[in-house]
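Visitor: Listed below are the residues making up each chain.
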Amino acid sequence: MRGAAGCLIGKPMSIDRTFKNKFRRAVMWAALALIILLIFLSIYGAFLGPERAKEFFNSLPLAVYWVGFALLLTVGIAVFRRLLHVPGLLLVHAGCILVLTGAIWGSDAGHKLRKKVFGIDKIQTGQMSIYEGYSDNRVILENNEIRELPFYIGLKDFRLEYYKPDYIFIQTRRGQAWRFPVEIGVELALGPDHGAITVTRVFRNFKITIEGDRSMAVDEPAAAGSNPALEVRIESPDGQATTRYVFERFPGHIHGEDELLLSYERVVSDYISELQVIRDGEVAAEKDIEVNHPLYFGGYHFYQHSYDDQAGEYTVLMVTSDTGLAPVYAGYLMLCIGVFYHFWLRGLSGRLNKLINTGSKSE
Amino acid sequence: MEIKYTIQGLLIYITIAFYLFAMLASVLRRHRTGHVLYILGFIMAVLSCGYRWYHVRHVPMQNLFEVFLCMGMIYPVSVFCRRVLRVGGRSGDMLIGAVVLVPAGFYFNAQPLKLPPALQSWLFAPHVAVYIFSYIFMAKAAFHAVWQLVGKAHSPNENLLPPEEATYQVVCVGFPLLTLGLVLGSVWGKLAWGDYWGWDPKELWSLASWLVYVGYLHFRYMFGRRHPYINSIWAIVGIVVIVITMLWVNLSRLFAGLHSYGT
Ligand code: HEM
Numbered sequence: 078m079r080g081a082a083g084c085l086i087g088k089p090m091s092i093d094r095t096f097k098n099k100f101r102r103a104v105m106w107a108a109l110a111l112i113i114l115l116i117f118l119s120i121y122g123a124f125l126g127p128e129r130a131k132e133f134f135n136s137l138p139l140a141v142y143w144v145g146f147a148l149l150l151t152v153g154i155a156v157f158r159r160l161l162h163v164p165g166l167l168l169v170h171a172g173c174i175l176v177l178t179g180a181i182w183g184s185d186a187g188h189k190l191r192k193k194v195f196g197i198d199k200i201q202t203g204q205m206s207i208y209e210g211y212s213d214n215r216v217i218l219e220n221n222e223i224r225e226l227p228f229y230i231g232l233k234d235f236r237l238e239y240y241k242p243d244y245i246f247i248q249t250r251r252g253q254a255w256r257f258p259v260e261i262g263v264e265l266a267l268g269p270d271h272g273a274i275t276v277t278r279v280f281r282n283f284k285i286t287i288e289g290d291r292s293m294a295v296d297e298p299a300a301a302g303s304n305p306a307l308e309v310r311i312e313s314p315d316g317q318a319t320t321r322y323v324f325e326r327f328p329g330h331i332h333g334e335d336e337l338l339l340s341y342e343r344v345v346s347d348y349i350s351e352l353q354v355i356r357d358g359e360v361a362a363e364k365d366i367e368v369n370h371p372l373y374f375g376g377y378h379f380y381q382h383s384y385d386d387q388a389g390e391y392t393v394l395m396v397t398s399d400t401g402l403a404p405v406y407a408g409y410l411m412l413c414i415g416v417f418y419h420f421w422l423r424g425l426s427g428r429l430n431k432l433i434n435t436g437s438k439s440e
Numbered sequence: 133m134e135i136k137y138t139i140q141g142l143l144i145y146i147t148i149a150f151y152l153f154a155m156l157a158s159v160l161r162r163h164r165t166g167h168v169l170y171i172l173g174f175i176m177a178v179l180s181c182g183y184r185w186y187h188v189r190h191v192p193m194q195n196l197f198e199v200f201l202c203m204g205m206i207y208p209v210s211v212f213c214r215r216v217l218r219v220g221g222r223s224g225d226m227l228i229g230a231v232v233l234v235p236a237g238f239y240f241n242a243q244p245l246k247l248p249p250a251l252q253s254w255l256f257a258p259h260v261a262v263y264i265f266s267y268i269f270m271a272k273a274a275f276h277a278v279w280q281l282v283g284k285a286h287s288p289n290e291n292l293l294p295p296e297e298a299t300y301q302v303v304c305v306g307f308p309l310l311t312l313g314l315v316l317g318s319v320w321g322k323l324a325w326g327d328y329w330g331w332d333p334k335e336l337w338s339l340a341s342w343l344v345y346v347g348y349l350h351f352r353y354m355f356g357r358r359h360p361y362i363n364s365i366w367a368i369v370g371i372v373v374i375v376i377t378m379l380w381v382n383l384s385r386l387f388a389g390l391h392s393y394g395t
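As you go down the protein sequences, you meet chains A and B in turn. If you use our numbering, the first sequence corresponds to residues 78 to 440, in order. If you use our numbering, the second sequence corresponds to residues 133 to 395, in order.
Note that these hints are calculated values from the structure, not bench results. Please note that the accuracy of each hint is not assured.
Chain A stretches covered by chain B per the calculated footprint, using a threshold of three residues with CB under 8 Å from any CB of chain B [claimed, not checked]:
hint, segment
1, 114 to 124
2, 250 to 257
3, 356 to 370
4, 397 to 405
5, 411 to 417
6, 421 to 428
Facing chain A, from chain B, some residues (calculated, C-beta under 10 Å) [said to hold, decoys possible]:
hint, residue
7, Val216
8, Leu217
9, Ala250
10, Ser253
11, Val344
We put the CB at the ideal spot given by N, CA and C, even for glycine.
Using the sequences plus the hints, can you model the full thing?
Guide: Listed below in C-alpha cells is the structure:
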C-alpha cells in the first residue's frame, strides 16, 4: 500500500481494512476523544499556574483519566494489528504507555499506594536546609511534615560564582545613566556636568571597625555575613572629591545631598554546594552539586534549589525520589526513536534514495 | 516597538526587505528574480545570526530575540520540502521568514544577557534548536492548510503535491522534531529543577500543541482525505497553539512560571 500516489511518509492513504470493525472504530473514537480532552485540560491547567495545575492533574478524576488513557493505549495495541507489527508505531504507543505508567508510579498517589500495599515508605519530594560544616537527614515535605532519610547529607561549603566583570551603575537624578565594568583605579568620565568617578576598593564583606574615635571600612571575607561593596571617589566638575560606599545588597544607598545614584551589580553564574553523603558514620559519596548537576544517591536526586541569600551560610536542597523515572525515560526514548523511525527513516529515506537515483529529474 | 539602530538591526531589516521583495517577485511570477532575492535574504539571515553569535559568544538561542533570529534562516527548509517532499509554497516560506524576523527587529530586546545558571546546560541548544525547526515546519504546514481552505492549487506542471497532502507531509516531518523538543525539555527540567514535568504554563501549552498534532494524525488516519477542511483546521489550530506557547506565555506576564526568563 505504501507508495500509493501521494503517500510519501507514514501510513497508507486508504483506510486500513481492519478499521471496519466496530470495536476498533470505538477504540479509535475514544482515543481521539481522550486526546482532545487532554488538549483542553492542558490549556485549562496553563491558566491555573504550576502549583494549582499540579494539584489538579494529580486529583482523583484526573488519576482515573490517566489510568484510562494508559489502558486505552494498551487496548489499542492489542486490537490494531498494525500497531503491533509496524515497529515505529509500536515504539510510539508502547513508549506512551511506559511514560504514563512511570508517571503514575512515581506520583504522590503512587508513593502512597506502594506504602499501603507493599509497606515501601519513600519520600516523594521535599527540601533540606543544611548549614556549612553540618550534616542533616531531615526533609521538609510540601505539607511541612518532617521526614528522615536513611543517611545524612553534609555541606562542606556553599559558594556563589559570578560572571566577570562586575558592574557599577550610575544614574543622575534627571535619569541619565551609565554602566561601567568595575576596574580599580580607572577614572570613569561622566561628562562636563557630572565630573568623574573612580572605583578605589572592592570589598567582599564590608565591615566597619572603630579604632579610637575613628571608624574605618575593612574587608573581612572570612567573617560571618556577606556584604559586597565598592569604595568610589567622586570628583565633581568643580574639582571637589568625596568618597562613597556602594553596596550590592542596598542599591541606591544615597546621602541626601548626592547628585548621583550608584549601584553595584554582579550576575550569578553558578550556585555550588560541596556535599558529602554520610552513612553509618562514613563518607559514602561526595559531589559538588550545581544547577543542572544534581547528586544521585540511594534512590534520591539532590538538587541545588536555593540558598541563604543574607550570609551564604546554608544551602537549600531539593530531594526527589527516583521512583518511576526509569520507565518514563525508557518511554521517552521509545517515543522518540518511534516517531523518527516511522516518519523520517521509513518515509524519508525512500524519498531521498529515489531523489539521489533519479538525480536532477525530480526538479 | 523600537527601531534598532545597530549593525544587528540593519542586518535584520535588510533580510526582511530581501524576503518581502522575493515574495513580491514570486507573486508577480518573476520566479528567477524571486529565487535570487530569497537566497540573498538567506545569506543576510546567516550573517545576522553569525554576527549575534560572535557578539554574545554563546549559541544565539537564549532568548526570544535570538530564537526568532535563527528562525529567519528558513531557506534550507524550503529547498528540502520542494526537493524531497514535492511540497511547494516557496512564497509562503519567504513570508514566514520575514514575519518571524519582525518581532526580532522591532519588538524583542536585543541586549545580550549573561546565561542564568538554569540555562547553562548541554540540553539548552538542542532543545531550542529542535523546537525552532519543528515550528517552522508546522508554520509551513499551516500555510498549506490555509491554501487548502481557500481552494488554491499549484499549477499541474509543477509536479507538486496538492495543499491537503502537502500539509500532511510537512506535519509528518515536523512532528518528530516537536516530540523531541518536548522530551528534551522534560529531561532538562529534571536536571535543572528536579522534575521532568513541572505543570508550568509553558509546558502545558507545549503539551497542548503536541497533542493537537497527535489528534490531527489520528483524525487523518481515521478519515483519510474524506474531510479535507477538518484536516486543515487541525493544522491551523496547531500553529495557533504553538504561537501562544511561544509568545503569549512569555509576553503576557499573566502566568509567572519557570520559563519566564525566556523573554
Ligand atoms: C489513546 C490511545 C491511542 C490509540 C488507540 C491509538 C491508535 C492508533 C492507531 C490505530 C494508529 C494508526 C496506525 C496505522 O497507521 O495503521 C495510530 C497512529 C499513530 N499514533 Fe496513536 N493511538 C493512541 C494514542 C496515541 C498517542 C498518545 C500518541 C502520541 C505520540 C500516538 C501517536 C501516533 C502516531 C505518531 C501515529 C502515526 C500516525 C500516522 O502514521 O499518520 N497515538 N494510533
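Visitor: Counting residues of the segment 421 to 428 of chain A whose CB is closer than 8 Å to a CB in chain B, do you get three or more?
Guide: Held - the segment 421 to 428 of chain A has 4 residues with a Cβ nearer than 8 Å to chain B, which meets the minimum of three.
Visitor: Are there three or more residues in the segment 114 to 124 of chain A whose C-beta lies within less than 8 Å of some C-beta in chain B?
Guide: Coverage by chain B holds for the segment 114 to 124 of chain A (7 residues, Cβ < 8 Å).
Visitor: Count the residues of the segment 411 to 417 of chain A whose Cβ falls closer than 8 Å to any Cβ of chain B, and tell me whether that reaches three.
Guide: holds (count 4)
Visitor: Would you say the segment 356 to 370 of chain A counts as covered by chain B, given the rule of at least 3 residues with C-beta under 8 Å?
Guide: As far as the segment 356 to 370 of chain A goes, the hint holds, because 4 residues have Cβ atoms under 8 Å from chain B.
Visitor: Take the segment 397 to 405 of chain A, compare each residue's beta carbon with every beta carbon of chain B, and decide whether three or more fall closer than 8 Å.
Guide: With 3 residues close enough to chain B, the hint holds.
Visitor: Identify whether the interface hint at Ser253/B stands, where standing means a beta carbon of chain A within less than 10 Å of its own.
Guide: holds, 4 Å
Visitor: Under the criterion of a CB-CB separation shorter than 10 Å, is Val216/B in contact with chain A as hinted?
Guide: Constraint on Val216/B satisfied, holds at 5 Å.
Visitor: Does the CB of Val344/B sit less than 10 Å away from some CB of chain A?
Guide: Because about 6 Å separates Val344/B from the closest Cβ in chain A, which is inside the 10 Å limit, the hint holds.
Visitor: With chain A as the partner, please determine if Leu217/B meets the hint condition of a C-beta pair closer than 10 Å.
Guide: holds, 6 Å
Visitor: Next item in the hint list is Ala250/B. Is there a CB on chain A closer than 10 Å to its CB?
Guide: It holds, given that the least Cβ distance between Ala250/B and chain A is near 5 Å, below 10 Å.
Visitor: Examine the segment 250 to 257 of chain A: at least three residues should have C-beta closer than 8 Å to a C-beta of chain B.
Guide: violated (count 0)
Of the numbered hints stated above, the single one contradicted by the structure is hint 2.
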